[in-house]
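Using the numbering used here, the letters of the sequence shown correspond one by one to residues 1 to 638.
Keep in mind the hints are simulated off the structure, nothing from the lab.
Since this is a predicted model, take the numbers as computed values, not measurements.
You may find that some hints are simply not true.
Stated by the list, open to error - Here are the simulated lysine-lysine pairs, DSSO-like style, with alpha carbons at most 27 Å apart: (1) Lys160 / Lys110; (2) Lys376 / Lys433; (3) Lys158 / Lys110; (4) Lys110 / Lys267; (5) Lys14 / Lys478; (6) Lys267 / Lys191; (7) Lys582 / Lys412; (8) Lys582 / Lys478; (9) Lys191 / Lys85; (10) Lys591 / Lys412; (11) Lys547 / Lys310; (12) Lys14 / Lys310; (13) Lys148 / Lys85; (14) Lys148 / Lys599; (15) Lys547 / Lys478; (16) Lys148 / Lys267; (17) Lys576 / Lys591; (18) Lys433 / Lys14; (19) Lys433 / Lys547; (20) Lys376 / Lys85; (21) Lys14 / Lys267; (22) Lys160 / Lys191.
To be verified - Computed beta-carbon distance windows for the label pairs: (23) Asp226 / Asp70: 16 to 24 Å; (24) Asp70 / Ala220: 53 to 61 Å; (25) Ala17 / Arg568: 30 to 38 Å; (26) Ile175 / Arg211: 16 to 24 Å; (27) Arg566 / Gly275: 33 to 41 Å; (28) Pro204 / Gln556: 49 to 57 Å; (29) Asp70 / Gln383: 31 to 39 Å; (30) Pro410 / Asp533: 35 to 43 Å; (31) Ser105 / Arg31: 25 to 33 Å; (32) Pro224 / Ala66: 27 to 35 Å.
Every residue, glycine too, gets a C-beta built ideally from N, C-alpha and C.
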Amino acid sequence: MTNPHEAAFIQSIKDPAGFWAEAAQEIEWVRPWDTVLDDSRPPFYRWFAGGRLNTCYNALDRHVAAGRGDQPALIYDSPVTDTVKTYTYRQLRDEVALFAGVLQSRGVVKGDRVIVYMPMIPEAAIAMLACARIGAVHSVVFGGFAAKELATRIDDAKPKVIVSASCGIEVQRVIPYKPLLDGAIEMAAAKPECCIVLQRSMQPCDLSAGRDFDWNEVMARARPVDCVPVAATDPLYILYTSGTTGQPKGVVRDNGGHAVALHWSMKAVYNLDAGEVFWAASDVGWVVGHSYIVYGPLLKGCTTILFEGKPVGTPDAGVFWRVIAQHKVCTMFTAPTAFRAIKREDPEGVLIRQYDLSHFRALFLAGERLDPDTLKWARQKLQVPVIDHWWQTETGWAICANCLGLHHYPVKEGSPTKAVPGWHLQVLDPIAKTPVPAGEIGALVVQLPLPPGSLPTLWNNDQRYIDAYLEEFPGYYKTADAGFIDDEGYVFVMSRTDDIINVAGHRLSTGAMEEVLSDHPSVAECAVLGVDDPLKGQVPVGFLVLKAGVRQSEEQIVAEVIQMVRERIGPVAAFKVATVVKRLPKTRSGKILRGTIQKIADNQAYNVPPTIDDPMILEEIETALKTIGLAGARSGRK
């Protein structure tokens, strides 16, 4: 007998049009669709063709119309500025309608692009929703992104308006945004007609006469505007994949499929009902912020938390528990790296016990591999389900998850459980392009058509969409992740396909080695990567960050993890070198910059990634590599 997840999955694969038509009934349409799935021009599939709607209306206005205007819609919690502010659905709708009026007064019409370059403040979400309200296409660029990277996005999106703020607030520093914005506009060939800048009291900026306008001043003169209906297949936003250099890859999200999929996922995946509090501790510059800080929770009628802070240091490793307790959060979604940082600072979970977490039901983690040690720690300390799930910027929502609103499967460590309904996931041999037996590693791919909410193409670049995602495995979307599916249907995402290393002819997963290292009781987090070796082709090298208060010597810990890999994976792994570092280089979203570490180790020139959280860490990595006999210290930056 099938459970609700299995039944939903089977229907979504056998009858995708029927499955998603039913889900789409939960969205308010100005005009119903002519065709649920338009497959007339593969591989460019379109969902809800002929339908018309407005995403902002579905996220805000309809909840006010339904009598829930006084319910909290967004709670801004900023420990870095000691601010907590709540917007009801009515208040948020009114602010969004006013800023939509500002954009219209500056000549923005349906189809125009608006870049949002802001920190984690309510005005960022307001600007996004205001674009959606009038059919403009927003492109959020992470606040503080380097001027050169912002310039490439300006040239690709060609925005009519850029919305920014005077500065961002980090744990121990203020980052001025205006010099970066000015530098980017100077570099870019495409010039915006104007910039609207929110002046923050921590560091106001000078405004350029004739081009720049003060947020508060234009809002004071604005008139609210109504929602503009758009086609379901019209673009809602462009989001550039992190780390892009040269010609950016602008992931496009449409209006109709996006609204249907995200609304459906809030209950099916996260088990949230309208009125409950959901917190995605991410940033609006990333896909998680788009899908599950702004759009998903508001489409469902939940209360969403917009958090301006860090898991540690604002002020301590207990800030997550304070937010959960204070705002009665039901479900949280963040990256494993956040929990590794908390575990490192408070390994016994002492701070957790200071807060009432009785409302808290589940923790979802995604963004990189969830190591079993972090899973066990979080589950033991929080006493709630800890759910790993897997998705990408391109997919917009989860490919694999333990869908708590459908059926709660037993957790298998190292697995994001099973494919979510709509995602026909398969494992193919990367050479033969044929399915591999259960349990064997191959390329994880999704059979076309992709479900609603995923990318229909790249911005103004259909051919690159085909080349990057569809060409290597005809009829499939290439996730660029490697893994396997076991005989019970559980998916194991081992690593990016470029993280499969070749040691003397043996294809080995660095992710599997990281699982072993993270099992050591003294290791807080780790990374394993392959470095060039003249004899074996590649050999793995481990980097270890230790927990606070560890008494063992570094030498002893290194010896023990080397032995653990030998015992669990075997001598074939040739894992003989590991080093202890104070921290690992990461993007602002928490992903470890393995590729950059590898270039340093291989004595190659490298660019400092624009997404890096702290460039100084790279010097620490170079020093650590030099101490273990690798030539990283000579590599140098481009």
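Outcome of the hint check:
Among the hinted pairs, Lys160 with Lys110 is consistent with the structure: their alpha-carbon atoms are about 11 Å apart, no more than 27 Å. As the CA atoms of Lys376 and Lys433 are separated by approximately 36 Å, the hinted pair breaks the 27 Å bound. Pair hint Lys158 plus Lys110 holds up; C-alpha atoms about 14 Å apart against a cutoff of 27 Å. A C-alpha spacing of about 31 Å is found between Lys110 and Lys267, which places the hinted pair above 27 Å, so the restraint is violated.
Under the criterion of a C-alpha separation no larger than 27 Å, the hint pairing Lys14 with Lys478 is consistent with the structure, at around 21 Å. At most 27 Å may separate the alpha-carbon atoms for a hinted pair to count; Lys267 and Lys191 exceed this at roughly 42 Å. Pair hint Lys582 plus Lys412 does not hold up; C-alpha atoms about 30 Å apart against a cutoff of 27 Å. Simply put, Lys582 and Lys478 have alpha-carbon atoms about 35 Å apart, too far for the 27 Å limit, and the pair is violated.
With a C-alpha separation of about 35 Å, the suggested pair Lys191 and Lys85 falls outside the 27 Å cut-off, and the hint is violated. Taking the CA atoms of Lys591 and Lys412, the gap is about 23 Å. The hint holds against a cut of 27 Å. Restraint check: the Cα-Cα separation between Lys547 and Lys310 comes to about 18 Å, which is no more than 27 Å; the hinted pair holds. For the hint linking Lys14 to Lys310, the alpha-carbon distance of about 43 Å lies beyond 27 Å, and the restraint is violated.
Between Lys148 and Lys85 the CA atoms are separated by roughly 34 Å; this puts the pair beyond 27 Å, and the hint is violated. As the CA atoms of Lys148 and Lys599 are separated by approximately 22 Å, the hinted pair is consistent with the 27 Å bound. With a C-alpha separation of about 37 Å, the suggested pairing of Lys547 with Lys478 is violated against the 27 Å cut-off. Our distance criterion of 27 Å between C-alpha atoms is broken by Lys148 and Lys267, whose separation comes to about 40 Å.
For the hint pairing Lys576 with Lys591, the CA-to-CA distance comes to about 25 Å; that is within 27 Å, so the pair holds. The suggested pairing of Lys433 with Lys14 holds, with an alpha-carbon distance near 23 Å, which does not exceed 27 Å. Taking the CA atoms of Lys433 and Lys547, the gap is about 43 Å. The hint is violated against a cut of 27 Å. Of the supplied pair hints, the one linking Lys376 and Lys85 is violated, its CA atoms being roughly 34 Å apart against a limit of 27 Å.
A distance of roughly 22 Å separates the Cα atoms of Lys14 and Lys267; the hinted pair therefore holds under the 27 Å criterion. A threshold of 27 Å between alpha carbons decides the hint, and for Lys160 with Lys191 the separation of about 8 Å falls inside it, so the pair holds. In this structure, Asp226 and Asp70 meet the distance hint of 16 to 24 Å, their C-beta atoms being roughly 21 Å apart. Between Asp70 and Ala220 the C-beta distance comes to about 25 Å, which lies outside the given range of 53 to 61 Å.
Range check, Ala17 to Arg568: about 46 Å between beta-carbon atoms, so the 30 to 38 Å window is missed. The hinted window of 16 to 24 Å between Ile175 and Arg211 holds, with their beta carbons roughly 22 Å apart. Hint check: Arg566 to Gly275, Cβ distance near 53 Å, so the stated range 33 to 41 Å is violated. In this structure the supplied range 49 to 57 Å holds for Pro204 paired with Gln556, their Cβ-Cβ distance being about 53 Å.
Separated by about 33 Å at the C-beta atoms, Asp70 and Gln383 satisfy the suggested range of 31 to 39 Å. At roughly 40 Å, the beta carbons of Pro410 and Asp533 sit within the given window of 35 to 43 Å. For the pair Ser105 and Arg31, the supplied restraint of 25 to 33 Å holds, since their beta-carbon distance comes to about 28 Å. One distance hint, 27 to 35 Å for the beta-carbon pair Pro224 and Ala66, is violated here, with the actual separation near 20 Å.
Of the numbered hints given earlier, the model fails hints 2, 4, 6, 7, 8, 9, 12, 13, 15, 16, 19, 20, 24, 25, 27, 32; all others are met.
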